[in-house]
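Based on the hints, put chain X in the right spot on chain E.
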Amino acid sequence: MPPTERGVSRREFVKAAVAIGGSAALSACLDRESPDLPTGEPASVPARQHVWNEALPRDDHGNVRNARHHVVVLLEYAGTGTPSATDRETVTDAFESLERAYPWSNEGLLFTVGYSPAYFARYDDDLAGVDLPSPEALAPFEDPTLDEPDAIVHLASDYGSVALAAEEALLGERTTLNGVDVTGLDAVFDRADRRTGFVGAGLPADNQDVEGIPDDDPVDEDAPLYMGFKSGFTKNQATEDAVTIGDGPFAGGTTQHLSKIQLHLDQWYDQDSRSQRVAKMFCPAHAAEDRVEGVGENLGDGSQLGECPAHVDEDARTNGMVGHSQKSARARDENDDPLILRRDFDSTDGGEAGLHFLSIQASIADFVDTRDAMNGTDVSEDSSVGTRLNNGILQYMTVQRRGNYLVPPRAMRALPRPNP
Amino acid sequence: MDRTPPTRRAVLGGIAGLGTASLAGCSGLFERQSVGNPPVVEDRPNAVYYPSHIEGMGMIGTEQAGDRTIGLMYSYAHRFWTMNVGGTTERVSPSGDAHLMVSVWDGESGRVLPIRSGLSVTIEQDGEEVDSRTPWTMLSQNMGFHYGDNVGLDGDGTYTVTVETGGLSIDRLGEFTDRFGDPVTAEFEWEFSQSARGEIMFRQLDNAGETGAVSPMSDMMMPLSIAPAEGDMPGRVLATGESGDATFVATAGEREGSQYLAISPRTPHNRYVLPQMALSATVTRGDETVFDGPLSPAIGPRRGYHYGTTIDSNVESGDDLTITVDSPPQISRHEGYETAFLSMPDLSLTVE
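Protein chains in written order, with the working numbering: chain E, 1 to 420; chain X, 1 to 352.
Only chain X is shown next, with the shape it has when bound in the complex:
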């Protein structure tokens, strides 16, 4: 929510003199950033763009919980965008002491398990609850899909963070079929200090506002929600296309003896999966409608997160495939993603 954004002058004052090179590891300066993120760039493209700055993150820990691995991370409290009615985004101003992030993945396949579980987080100190909430599902350029929110703490100290995952309720394929359905819980000890937080990397970008994306982080020892490359998707690639700056890969494969149409939308540049969309597809052959209907969100060890449906007849070369985005990704967005994936026209493709 855009409550009272700091004035441009205040923000510039807060960051004056901070050259990009001078930032790393300089904790005293970082204290200011929570009240003075660099301003959002003007004239943002309706596409993925380089944000005003990038932040690293601190790993609080990873825990094995039943059949899932849960990672808990934090960074500076920062602005993000939630989805509003009518396919617009709503800016949430930074507040609190930290941006807390949770990622849940399958240790065997390394697949990050997005959405549909109602994951919740409780923060306690000395047995007293400090905060509890259902964090937003989020997409960031350096991390991809995760759960996150800004949280308020009671200063430096030791906190216990309990993550309850809920059970995954989306369709699961292959070896995932009977897994992840039950809720699991993990508990983390978090030694929080403002000075340690201040050690987290924070860097302004010279190319802020240009189309493109910062690279996925590579040093956190955890998998990211990266979609399989086109050639690694099981089955046959029917077509690829773009809408709203997202790339769509449509494949036809086999699922339990039936034809399975899988559509995998992903971000440009970093190839992150795009959860929480509603997609429909139509396949026509001349005057004949081969398939017309909605797709369901699903996840499998090889396809990753995608939208799929079984279809009665084979999709053939030359068929027309129309993909309709009934709603764009309802996931909240970190800076650099909030202007992309909003207006997403139909894709009219011809099957290869």
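Extracted from the complex, chain E is given alone in its bound form:
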């Protein structure tokens, strides 16, 4: 038994191991958490990389529950010029290795591979059929570092050990995975950065001993995220079909935005009342009517925004406060459906409470529109709502990094050309 095991719950231990990474953490992880998993079958993996929902469980209300542990690996192309056929073969084999090793499910491994504007810039041709802008600050009060690695791999599993082992296999640090011989992509890519995290009931409470959260363990045991409420309700999520690129050579792909957000929850838990938290997360009417029980399990498959005033501006003028969900929900398509599909997760990276906001959408513009709605700059204009104060949850977060990526269809996930 490793000495760190004393007094540490299994969940805490796995989370710590995912955050630390590396083979030491992995072997410790495997000692404690040894899922008996079948191997995988590449032929059964969907043609669209981002189609995970059928492979994920649902809660009692039909909401999709994301995998509990996440690792995101940012990769730099190690070669010069444009990738070769050999490079493509190496990368193809590496990703197929993962599919052979684990079943495509929350208990096995789900993953996507994406490429940045910086990656495509090495080609003379423009990226065809997809608008993939470089990342930028998306609010007047944020100054994020812009992530521009070449590629991004998002690994997700209910088992931290699986996500970690998959990362190690990609980096060429192990040759077998779940008993299957595997190969890595380390001859083609260097790891530039990594992000780790978790989402799901119990995990935030088990990992709340970090900077940014008061010391008296305020996070609810049932909360799937640090702020204490459920999110990702079916009615607030775009469908996988809706976020799929419909036309052009990358039809069947999607775009991905990943931001790293630092959370400051001392005020949220020490100073705001429950009523203020409900008002700022959902809407003032939910607080006034006491509509949210606990972490919001009673809300079913949506945050019941129909019960909030239809006009956010009205709340802004008369209540001096607007809710995060209430604002964000204004970003909808012509069918009144949300524009983005959130697959975000909390984090203890760097010893700080954080949120890796990973979302997929048909175009980055859909993300920008959603973030604009969340900023509520229009709402605060003539009202008593502040730029960040009483303006949803903007007061409690600082966006530290942003990055944009194209997630091509699975058949093109190995070093795609911009105009295939």
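If you're looking for bench data, these hints aren't it; they were derived computationally from the structure.
Please note that a few of the clues may not be correct.
A few chain E residues facing chain X, derived, Cβ under 10 angstroms [unchecked claim]: (1) T90; (2) L132; (3) D266; (4) D270.
Where chain X lies over chain E, by a calculated footprint (3+ residues, C-beta under 8 angstroms) [claimed, not checked]: (5) 273 to 280; (6) 284 to 292; (7) 375 to 384.
Note that the Cβ used here is the ideal one computed from N, Cα and C, for glycine as well.
Coordinates of chain X only, in the frame set by chain E:
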């Protein structure tokens, strides 16, 4: 948030024997005050009132950052009130080691620049973050508008405090038009010690609970968010009135060739501006509606912070002016302001 307020007995025990005269400069006694502020007075009026006690503040420094001057101050961690849904206030119990305060002003005009910028503060020690947050916008009797919050520190030592202002997004008039739009950052070194904090003035008031306000501090070498006197407002004074213990001054002046209606609500006694309100106005002349609409928060070098709009036709003597407070000031309040400016009925005024 009213979590676990100290019992009355504990509070009285903590301050027993502290006569008001004996407090100044007596650091050993002040250690106790963070766990035992005098209790909030009972039967507070729905108006500005003298708080249980007043505190001085320690100046950490002022820095010039681009076109703004930023001052950083601190005092004892103390209770304050945030705004809750439905125009009520929510008491925040004191916690942490100090109440940290930031003021941002224009060095030329001396105007304090309130709200709409998303100002944030980061505290570090030896390169490690100790605290980071978006402080509340606040109103206190001795300082007026500022940004503030209680913060926790890692004991005595040297801290680096970084203030990022964000860009001011409210309407700006005159010489302010193209200014203050960009974020600026200032860095302060803060030598914190509990003993130095204990030197800060702390005095209980004999007249606590009576209507009125302690005077603005005069010795900090920094401007305060005081609204222009009625006679100093540009343009013509249309009317004045009161609602929710605030005084409203309505003026009509000129802005870039148009008529400009400016309404300047201010606190009684100290004349501080009241930020983060939502106001609408209606001007009628007999059966005719001259103006009906919302006002926007704005700031100018002469009018200071106010709520204004351009209007198409002149406001005339005898017109009826109705000012509606769509929401009262959403600013957090230091003691003595938390029961005022909440219920604010319409003002029905006749233009002079």
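Going through the hints against the structure:
no.	hint	in the structure
1	T90	violated, 40 angstroms
2	L132	violated, 28 angstroms
3	D266	holds, 6 angstroms
4	D270	holds, 6 angstroms
5	273 to 280	holds (count 4)
6	284 to 292	holds (count 3)
7	375 to 384	holds (count 6)
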